[in-house]
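Trainee: Generate coordinates for the entire structure from the input sequences, incorporating the hints supplied.
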Amino acid sequence: NAGVTQTPKFQVLKTGQSMTLQCAQDMNHEYMSWYRQDPGMGLRLIHYSVGAGITDQGEVPNGYNVSRSTTEDFPLRLLSAAPSQTSVYFCASSSRRGRGYGYTFGSGTRLTVV
Amino acid sequence: AQSVAQPEDQVNVAEGNPLTVKCTYSVSGNPYLFWYVQYPNRGLQFLLKYITGDNLVKGSYGFEAEFNKSQTSFHLKKPSALVSDSALYFCAVPNNDYKLSFGAGTTVTVRA
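Respectively, the protein sequence lines represent chains A and B. Taking my numbering, I'd label the letters of the first sequence as residues 141 to 254. Taking my numbering, I'd label the letters of the second sequence as residues 30 to 141.
There could be a bad hint or two in this list.
Taking lysine-lysine pairs in the DSBU-like style, the calculated list, with each CA pair at most 35 Å apart, reads [as the list claims (entries may be wrong)]:
| hint | chain 1 | residue 1 | chain 2 | residue 2 |
| --- | --- | --- | --- | --- |
| 1 | B | Lys-106 | A | Lys-149 |
| 2 | B | Lys-51 | A | Lys-149 |
| 3 | B | Lys-51 | B | Lys-106 |
Keep in mind that the hints were calculated from the coordinates and are not lab data. Here the structure is a predicted model, which is why all the values come from computation and not from measurement.
Mentor: If you want it as structure tokens, here you go:
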């Protein structure tokens with residue numbers, strides 16, 4: 141089925157460890173983005189990409205890196221995990237066709253930093 | 030910037046009763062508005078969207094939403110709630126083609 145695939149679904153890290161959250165889409169969407177979900181705060185944009193080789197920061201980029209070498213993949217890297225990064229992370233993709241077209245979300249990665 | 034607000038953190042209703050989840054928006058120009066639902070330990074699922082046209086939008090799982098320009102609202106409704114509708118609901122507005130701005134979310138609990 142076409143969509144956005146995120147791995148892993150769950151992860152526990154120790155403070156200071158690094159890891160990469162994977163995101164892949166097979167809809168040939170130009171745009172991809174990463175959000176984090178925290179209670180009472182909705183979803184906040186971390187980083188986004190408007191195409192291969194082009195990335196930019198969102199609202200809460202500190203502590204995260206991204207790259208986009210292909211249209212399909214958009215990994216999110218935590219450089220040195222901190223307890224404040226405990227959250228649920230969602231990857232999303234959308235089409236250049238326009239903001240009314242819609243946004244497709246992955247199933248999320250639940251990250252706990254201890 | 031475009032934004033939405035969800036004034037209620039929680040909504041509790043009895044099964045079979047009408048369900049309303051409130052959303053107000055602040056948008057320049059013609060708004061595009063979305064509703065998403067997140068069931069426990071699941072990802073975000075699209076419910077419905079308003080782009081233009083009829084003020085009453087019908088979506089998935091029997092939900093509908095009413096766009097009201099004078100009140101700048103886009104409330105989500107279901108005539109008869111089910112226990113399985115218990116979930117976290119988000120209103121959202123696109124700031125551009127690649128960024129959605131979300132409300133804080135409303136937790137709906139439907140009791141049997």
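Trainee: Each hint: holds or not?
Mentor: Hints, verified against the model:
no.: 1; hint: B:Lys-106 with A:Lys-149; verdict: holds (31 Å)
no.: 2; hint: B:Lys-51 with A:Lys-149; verdict: holds (31 Å)
no.: 3; hint: B:Lys-51 with B:Lys-106; verdict: holds (9 Å)
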